[in-house]
Amino acid sequence: MNLDLGGPGPGCSAMRVRRLAAGELSGAEMERTVAHVAGCARCAATQREMALEQEQLRRDVPFPQFAAGVAEKLAHRPRQTFVARWAPLAAAAGLALIAGVQVLRVPDDSGIRSKGAASAQIFVQDGRGIHELGLAPVSEGARLLVSLHPAGRKNVSVVLVEPGETSVIYAGAAVNGPLPQAFEWTGSKAATLRIVFADRPIDPAKPPRDADVIELPLHR
Amino acid sequence: MTVKALRVIPGGLAGMNAAGPSGLLEELYEKHAAAVYGRCRYLLRNDAEAKDALQDVFVKVLRALPEFREAASPSTWVLRIATHHCLNVMRSRKALWREQLLAVARERRQETEPPDRRELVRMLLAAAPEEAQEVAVMYFVDELTQAEIAQELSRSLPTVRKRLREFLECARAALKEALPDVMLPEGDDL
Ligand SMILES: [Zn+2]
Numbered sequence: 001m002n003l004d005l006g007g008p009g010p011g012c013s014a015m016r017v018r019r020l021a022a023g024e025l026s027g028a029e030m031e032r033t034v035a036h037v038a039g040c041a042r043c044a045a046t047q048r049e050m051a052l053e054q055e056q057l058r059r060d061v062p063f064p065q066f067a068a069g070v071a072e073k074l075a076h077r078p079r080q081t082f083v084a085r086w087a088p089l090a091a092a093a094g095l096a097l098i099a100g101v102q103v104l105r106v107p108d109d110s111g112i113r114s115k116g117a118a119s120a121q122i123f124v125q126d127g128r129g130i131h132e133l134g135l136a137p138v139s140e141g142a143r144l145l146v147s148l149h150p151a152g153r154k155n156v157s158v159v160l161v162e163p164g165e166t167s168v169i170y171a172g173a174a175v176n177g178p179l180p181q182a183f184e185w186t187g188s189k190a191a192t193l194r195i196v197f198a199d200r201p202i203d204p205a206k207p208p209r210d211a212d213v214i215e216l217p218l219h220r
Numbered sequence: 001m002t003v004k005a006l007r008v009i010p011g012g013l014a015g016m017n018a019a020g021p022s023g024l025l026e027e028l029y030e031k032h033a034a035a036v037y038g039r040c041r042y043l044l045r046n047d048a049e050a051k052d053a054l055q056d057v058f059v060k061v062l063r064a065l066p067e068f069r070e071a072a073s074p075s076t077w078v079l080r081i082a083t084h085h086c087l088n089v090m091r092s093r094k095a096l097w098r099e100q101l102l103a104v105a106r107e108r109r110q111e112t113e114p115p116d117r118r119e120l121v122r123m124l125l126a127a128a129p130e131e132a133q134e135v136a137v138m139y140f141v142d143e144l145t146q147a148e149i150a151q152e153l154s155r156s157l158p159t160v161r162k163r164l165r166e167f168l169e170c171a172r173a174a175l176k177e178a179l180p181d182v183m184l185p186e187g188d189d190l
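Here the protein sequences come in this chain order: A and B.
With the working numbering, letter number 183 in the first sequence gets 183, and the count goes up by one each step, no holes.
With the working numbering, letter number 172 in the second sequence gets 172, and the count goes up by one each step, no holes.
Just chain A, same shape as in the assembly (with noise of 0.2 Å):
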């Protein structure tokens, strides 16, 4: 039996059907497609094809899905430094990425210790793009997303500490970049975002002795 394994026919191009669905040709080229494709059986099976792909994209990876998991890999890129690693996230959302971001320090004034390698980051996005917050008031309708940079440390708790509340934005596994979740801060004056960085998981209410403390200042 002779087997035909495929390849261009005449006129026939799975690559041009798709070039032209994604608005690639023009002209002559684009006419002579459109003429070609509205009476071939066999690219009319590509688009079908093509129609079938859509669906399994929708349906088995819908786009935050998608996003979050190329933000994800694009955090955890080793030895690169974070604007390179944010910048081109920053680009696709069409955002600018404030240029020599730094590892954010504890405050001096903060009294509590962080005496590890362990450091946090939170950025905002706001009606300027994404950027660091740094000491910058939050404004509002901000969303913050947190960074983590857990060195090592196996344990995390992120808690959001207002005066008479506290609210746990994350406990779990040290992530390395950002945290799955975002969230917008709805307080009036200030707070405090206190992370915690251990290696046995952690009681927010009660964190280990020897844990490395970061405490970041939130305020409007």
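Calculated from the structure, these hints are not laboratory results.
We put the beta carbon where it would ideally sit given N, CA and C, even for glycine.
Fair warning: there could be bad hints in the mix.
[Said to hold, decoys possible] In silico DSS-like cross-links for lysine-lysine, where the CA-CA straight-line distance does not exceed 30 Å: (1) A:Lys154 with B:Lys60; (2) B:Lys51 with B:Lys31; (3) A:Lys206 with A:Lys189; (4) A:Lys73 with B:Lys176; (5) B:Lys60 with B:Lys31; (6) A:Lys73 with B:Lys60; (7) A:Lys73 with A:Lys154; (8) A:Lys206 with A:Lys154; (9) B:Lys162 with B:Lys60; (10) B:Lys31 with A:Lys73; (11) B:Lys51 with A:Lys154; (12) B:Lys162 with B:Lys176.
[Unchecked claim] Listed below are several chain B residues computed to face chain A (Cβ distance under 7 Å; list not exhaustive): (13) Tyr29; (14) Lys31; (15) Ala33; (16) Ala34; (17) Gly38; (18) Val59; (19) Arg117; (20) Phe140; (21) Glu143; (22) Gln151; (23) Met183.
Keeping the supplied structure of chain A fixed, place chain B with the ligand upon it in accordance with the hints.
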């Protein structure tokens, strides 16, 4: 836990992006992700691996944005990245293609029913050398002409021809064992 001072946005940065102005990532998803996911599923035959590969491919695309923007055909360029990535994943696995071929041979109900050609191409890829694999996918799956492949890969037309012949030779040798009655075209017939 109280949520009074806090509103959680699921999806982290992605949630932020989705909630914010739609950007290039969303455009890339709309235009190219379906084809890439289809390619990953076709080559890897494993949904979990395909999802992972899909994201890996777009990380590569984002890291090579200038190249992407300069590509004569972004669709072709992105699918090439996908093919290249999946071929690497396939190579890192143990070669299962021989068993897969034998399984196809067993499953054929009648001798007159040809095996699905696209499936056959995929299985035969593993039998071919690395440089021939990518050319074979571009020719048999993407249906690019040899001239188009030469242009896309910045290779000469004779080199592309040579790679296709290599693929067919290796494929023929692999088929002899599992599907001895199947004849493949000669390189000159392509
Ligand atoms: Zn056609």
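Here is how each hint holds up against the structure:
| no. | hint | verdict |
| --- | --- | --- |
| 1 | A:Lys154 with B:Lys60 | holds, 29 Å |
| 2 | B:Lys51 with B:Lys31 | holds, 17 Å |
| 3 | A:Lys206 with A:Lys189 | holds, 25 Å |
| 4 | A:Lys73 with B:Lys176 | violated, 43 Å |
| 5 | B:Lys60 with B:Lys31 | holds, 16 Å |
| 6 | A:Lys73 with B:Lys60 | holds, 10 Å |
| 7 | A:Lys73 with A:Lys154 | holds, 19 Å |
| 8 | A:Lys206 with A:Lys154 | holds, 17 Å |
| 9 | B:Lys162 with B:Lys60 | holds, 29 Å |
| 10 | B:Lys31 with A:Lys73 | holds, 21 Å |
| 11 | B:Lys51 with A:Lys154 | holds, 27 Å |
| 12 | B:Lys162 with B:Lys176 | holds, 21 Å |
| 13 | Tyr29 | holds, 5 Å |
| 14 | Lys31 | holds, 5 Å |
| 15 | Ala33 | holds, 6 Å |
| 16 | Ala34 | holds, 4 Å |
| 17 | Gly38 | holds, 4 Å |
| 18 | Val59 | holds, 5 Å |
| 19 | Arg117 | holds, 5 Å |
| 20 | Phe140 | holds, 5 Å |
| 21 | Glu143 | holds, 4 Å |
| 22 | Gln151 | violated, 12 Å |
| 23 | Met183 | holds, 5 Å |
When held up to the earlier numbered hints, the structure conflicts with 4 and 22 and fits the remainder.
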